[in-house]
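Given chain A's structure and the hints, the job is docking chain B onto it.
First to last, the sequence lines map onto chains A and B.
First residue of the first sequence? That's 1 in my numbering, and the numbers climb one at a time after it.
First residue of the second sequence? That's 83 in my numbering, and the numbers climb one at a time after it.
These are computed hints drawn from the structure, not numbers from a lab.
Possibly wrong hints are sitting among the right ones.
As the list claims (entries may be wrong) - Listed next, the stretches of chain B that the computed footprint assigns to chain A, with coverage defined by at least 3 CB atoms under 8 Å from CB atoms of chain A:
id	segment
1	173 to 183
2	550 to 561
As the list claims (entries may be wrong) - Going by beta-carbon spacing under 7 Å, a handful of chain A positions derived as facing chain B:
id	residue
3	F17
4	T18
5	S38
6	L44
7	I45
8	A46
9	D58
10	M61
From the three backbone atoms N, C-alpha and C, an ideal C-beta is built for every residue, glycine too.
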Amino acid sequence: MDHKRQIKQFVLKNYLFTEDESALSDSESLIRNGTIDSTGMLELIAHLEKTWSIKVADIEMIPANFESIDAIGAFVARKIAA
Amino acid sequence: MTSWLVSRIEGFARTQPAQRAVTEGDRVLDYASLWTQANAFAAALHEERFALGDRVALILQNSLEAVVATYGTWIAGGVIVPLNAQAKARDFGPWLRHADARVVVHEAGHGDAESAIDSLPETPLVIVTGAGSAAPGARRWSELLADVPQHAAIDVDTNVLAMILYTSGTTGRPKGVMLSHANLAANVQSIVEYLGLVATDSIVSVLPFYYSYGASVLHTHLAVGARIVIESNLVFPHLMVETMARERVSGFSGVPSTFVLLLNRVPLDQYDLSSLRYLTQAGGAMAPVTTTRLRSALPHARLFVMYGQTEATARLAWLPPDRLEEKLGSVGVAIPGVELEVRDENGRRADAFAVGDVYARGANVMLGYWNDAETTAGVLQDGWLKTGDMGHVDADGFLFLSGRRSDMIKTGAHRVHPKDVEEVIADLAGVGEVAVIGIDDEVMGQVIKAFIVPQAGTDVSTDTVKAHCRERLAIYKIPKFIEFVADLPKTASGKIRRAVLAGSDLREVS
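Pulled out of the complex, with its shape left as it was, chain A reads as follows (with noise of 0.2 Å):
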């Protein structure tokens, strides 16, 4: 399963609790409908740190980084591919 469907799959799950990826669009901003809060974020960054054993630092949790499903995907990528 790539990462950007994964991640996905932990938001689906944790944040909109289904598994219907339609419920979400892929660019759609987390931030801004609602569906993350601070305290989710910190979960989401926490679950992404340990499944890809990436480091988030401070200066990268801006809303660029975390505002879609598309952006994290992409962030994520980038720090793997580091």
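What follows is chain B alone, placed relative to chain A:
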């Protein structure tokens, strides 16, 4: 005479037109623009045959438009009804019907607002902000404010209604706190006095304008010609601190969870926050350890612990910062113009250190609950407001709170009525009985836990319950914990014993 708050904006538009009033990211409203746009909004309302006292519902996150619509409505002689923008259609419908809103302003693409408007018996004037989709018949904010003639501020009696704030009632019985222009003016003037606010002050605010605390932060700063910097949320708290440092703000306001987040997640010593002069904290008791950590992290900023409620416009008491260490745990003394009294069970003023009901009196106390004389009579008695809080005063007259005669849950900046969540969960097939309580949480103060008795032979899962709640409730009302139980503890008369549930073993199922 015109509303005092409106007259303040009008004055600053003349005396300091280029001074920034509100900023939101790259967008800025100076006092001249705020005054011009608010007048244009008022003029647009009058072109729609808007009448004195008509209600304008605002379903808006903190934004420049929310500020313009508020002052514009007051210029037009109307009443604002700021609604929780995170709420769902099942909340908006009852609120809009209860307030009989003539006008609704909401962000483009707000599906729950659109559904609620569709369900109304009479379609209000709908004004849509932002560039997203708009329902047929809705007016665009940008077009509405373009090329309309300016409108002179309407004279209103200061005792007429300015605002209705819905507090945490249930959808079946909304509680709309009625605040007059005089209520707002009195509370703003008291707060300005004890905080020592001046035109050179500026503040970062994450507190929603649709709550009394956030509204109070907005109006106190605009009333002195100061600047308010809107930050949309706390998902990335270090970005907010960057804004505080970059904008060299002098103030910051939060609820306990705001400060816990800042202290736990942001290395405050790595930012230049030397411009901070005051911090304000309200919205429930903050743990003394958090207060001490905050004082230590930002020793140059004066920390004002405050207490109040929506029924008192916002504030009732403040703890002078120079007494903070000495009176740690106290919410302080009455603000200017307010009397506080603790009464015993016989209704007499209690002795020092004796716990009783907290009552308040002052020009900031609400007119009552909108269209609800019965509930109003329960809290407004002989000119006094029964706050519903319990507490005592010490020998120096400092108030210490010790609980509340209600089951209301405080989570972050929000208040949640357990019944509101219980009603939604009870609607789910397979749920026999449900009880909702708040349980202690280090960051949020409390989080929501639901106890569910499933119907025999049914299969209800935590995901089913949470997904059901997510469709119908604001995100902060979704239970963090769910426990399935065989039965609920009840009194002989069948009332759920929530205190017993609160003592129950916590079992995380998510």
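* **Within 8 Å of chain A (C-beta), three or more residues of the segment 550 to 561 of chain B** => holds (count 4)
* Does A:S38 pass the interface check with chain B, least Cβ-Cβ distance below 7 Å? -> 5 Å, holds
* Asked: Taking the closest Cβ pair, is A:L44 under 7 Å from chain B?
  -> Hint on A:L44: violated, closest Cβ of chain B at ~10 Å, above 7 Å.
* Asked: When the nearest CB of chain B is found for A:A46, is that gap smaller than 7 Å?
  -> Result: violated, 13 Å to nearest chain B Cβ.
* Asked: Against chain A, does the segment 173 to 183 of chain B show at least 3 residues with beta-carbon separation below 8 Å?
  -> violated (count 0)
* **Cut-off 7 Å, beta-carbon criterion: hint that A:M61 touches chain B** => 5 Å, holds
* To do: Report holds or violated for the interface hint on A:F17, using the least CB-CB distance to chain B and a cut-off of 7 Å.
  => At 4 Å from the nearest chain B Cβ, A:F17 passes the 7 Å test, so the hint holds.
* **Supplied contact hint for A:D58, tested at 7 Å Cβ to chain B** => 6 Å, holds
* Using Cβ atoms only, decide whether A:T18 comes closer than 7 Å to chain B, and label the hint accordingly. => Interface hint status for A:T18: holds (5 Å vs cutoff 7 Å).
* **Closest C-beta approach of A:I45 to chain B relative to 7 Å, hint status** => 11 Å, violated
Checked against the numbered hints above, the structure breaks hints 1, 6, 7 and 8 and satisfies the rest.
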